[in-house]
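Novice: Here the protein sequences line up with chains A and B, keeping their order. The opening position of the first sequence corresponds to residue 0 in numbering that gives the first Met the number 0, with each subsequent residue numbered one higher. The opening position of the second sequence corresponds to residue 0 in numbering that gives the first Met the number 0, with each subsequent residue numbered one higher.
Think of the hints as simulated: they come from the structure by calculation, not from any bench. Some hints could be false.
Think about it this way: if two alpha-carbon atoms lie no more than 20 Å apart in a straight line, the pair counts; the simulated SDA-like pairs of lysine to any residue are [unchecked claim]:
hint, chain 1, residue 1, chain 2, residue 2
1, B, K184, A, Y120
2, B, K184, A, Q118
3, A, K73, B, T266
4, A, K66, B, K184
Computed footprint of chain B on chain A; a stretch qualifies when at least three of its residues, placed anywhere within it, have a C-beta under 8 Å from a C-beta of chain B [unchecked claim]:
hint, region
5, 17-23
6, 40-54
7, 81-92
8, 123-132
Even for Gly, the Cβ is constructed at its ideal location relative to N, Cα and C.
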Amino acid sequence: MQLSFTNYRKAFGAVEVLNINDLTLESGIYWVKGENGSGKSTLFKSIAGIIDFDGNIELNKSLNSQKQTVEFRKMVNFAEAEPLFPEFLTGKDLINLFSEAKNAPPSQSEFYLNDMKMQTYINEPVGAYSSGMLKKLSIVLAFLGKPQLILLDEPLITLDTYSLKILYKWIEKKFVEDGVSFLISSHQPLGFDSGIATKTLLVENRTLNFA
Amino acid sequence: MALTQILYKIFVKGFYKVHSGQLLFLFGTILTYLFYIQVLSDDHITTQETIFYNLSFILTIISSPILAVLMMFVFLIFTLKGYNYISAQIYLPCNFFLFYSANSLSKSEQLKSWFITQLLISFPIILYIIFSIIVGFVYDYYLLPIIFLCFVFGVSLLCTLSYIHLINTPIKAYNGGLLLKFIKKWKKSLLMITFVQIFDKHLLTFLISKFFAVLLIFGLTELLSDFNQSALGALITLFISLSNAALIFEIYRFERQYLSFILNFPTKLSTTFSQWILTIIILVLPEIIAIKLLFDWAVFLNSFFILVATCLLLKSLLLMISLNMKSFLYKIFILLFVGVVLIQFGLRTIVSLAYLVLSILIFCKKYYHQI
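Sequences and hints are given; from them, build the entire structure.
Specialist: Given below as structure tokens:
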């Protein structure tokens, strides 16, 4: 995996939020640091193709997020910091929708749901979920399909200690076995038990750099 | 009072912002256009006659019991719409703070604040009633206007008591309504999710829009029966497609707020646009059936294409302006004006083709570049 930014610029009205002239990220697990409001979520939403921006974001030098829209989105999955889903849908409805859209192998979701112990409430409407349950659901959705890059925006907040351990295990397994890269924003350091190497990126002064 | 100010900012401003399109259509287009329009070559109608006709309209409403009941029904629908909006907004997470702040005040203070809020929501109808009372006092028809006022105050008071009950009752866990229980086990596509949202959250808006649209179709067809049928079909279709603008706006708002993740789905643009077409056809199905009942196949097909193309263009325009209702309203009136002119010149096919091509172009250019 290779993620490159060329003349990337994001502004809200006249206010420039982010500007990345030229940066390439190789495969790896990246901890994305930055103060509140520094633009981490904006960066993640840009990469996921959810918000508009100027410039180019490319995967493997061949897939442009705004030109090869279908192929790019097969490769990039995203979990929001504060996920918001229609309250009348059940967790299972969303799992089915994402599995179909992201072309996930049959029963792939079962593994994740069992591991996170979500089976007891997965058939309930998400309007009845706590913030932690919603967070776990959004993380599971981001693991569905066969992505090359998973963007996790603040995945550590609201998760209980058991679920955190499971999440670290999944990230490690996906990276080691499938070569999936991760961009993980967090205000606290990532805590992999195995001591797997992570790289650090810093969103500061309206740009993204290696720390 | 602090609570009144907070309620005004959250609910009153929010209500007018969300419903400005419908209100403008109802009070601006229907009332102004149908009853107070200045006709061309009006030299045969004197100013005195114009005032006389306008006053006759007001006086008929405030003197005829049947029309008065009809007006009270309209007032009731409007007030219930406000109630429907506030009682749903109360339960949004961003308004949860009211459940541990507003209910600390005395019941009389709560009553005062919520009552003022409800009256401000009903302001357009209260303004109309005050106008009726003035006219009524001048012409000695003051009984019905005063009954109107008491009716609106009474219904507003009932709504107020209900708000106070809601805000003083602990929030129950989300359980969904009957519709949601019925479809719980169904597989939910994006299309279905959109319509479940409409029926679950905007049922009243949906029913009112459809009621007025079907009324407009049958009414105008009856009134203007001597018109060229093709032109009449096209004009009616243009108006009813614009009367669906509020629902199209709500669908877009829902997609931006709750379904933004679909922009990360690897779906072809052609597939997404096909889903849009299907959504619009289902949305305007009652109008499509009404048009088919009244016109022959040739007029029906022409009207059908104008209806779908105009609605698609409205949806595409939202990709450019996002949730900016003011800008959306300007564009609605431009579409209406251009459409009416083209139809008057017999260019009905051009309207549907131009609007369809424009909507496809905007969609392709802006779908992945939304603000």
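Novice: Taking the hints in turn, state whether each one holds.
Specialist: Going down the list of hints, with the structure as the test:
1. B:K184 <-> A:Y120: holds (14 Å)
2. B:K184 <-> A:Q118: At roughly 16 Å apart (the allowed maximum being 20 Å), A:Q118 and B:K184 satisfy the hint.
3. A:K73 <-> B:T266: holds (9 Å)
4. A:K66 <-> B:K184: violated (37 Å)
5. 17-23: violated (count 0)
6. 40-54: It holds, with 5 qualifying residues against the three required.
7. 81-92: Satisfied; 8 residues make the cut.
8. 123-132: This one holds; 3 residues, not fewer than the three required, reach chain B with a Cβ under 8 Å.
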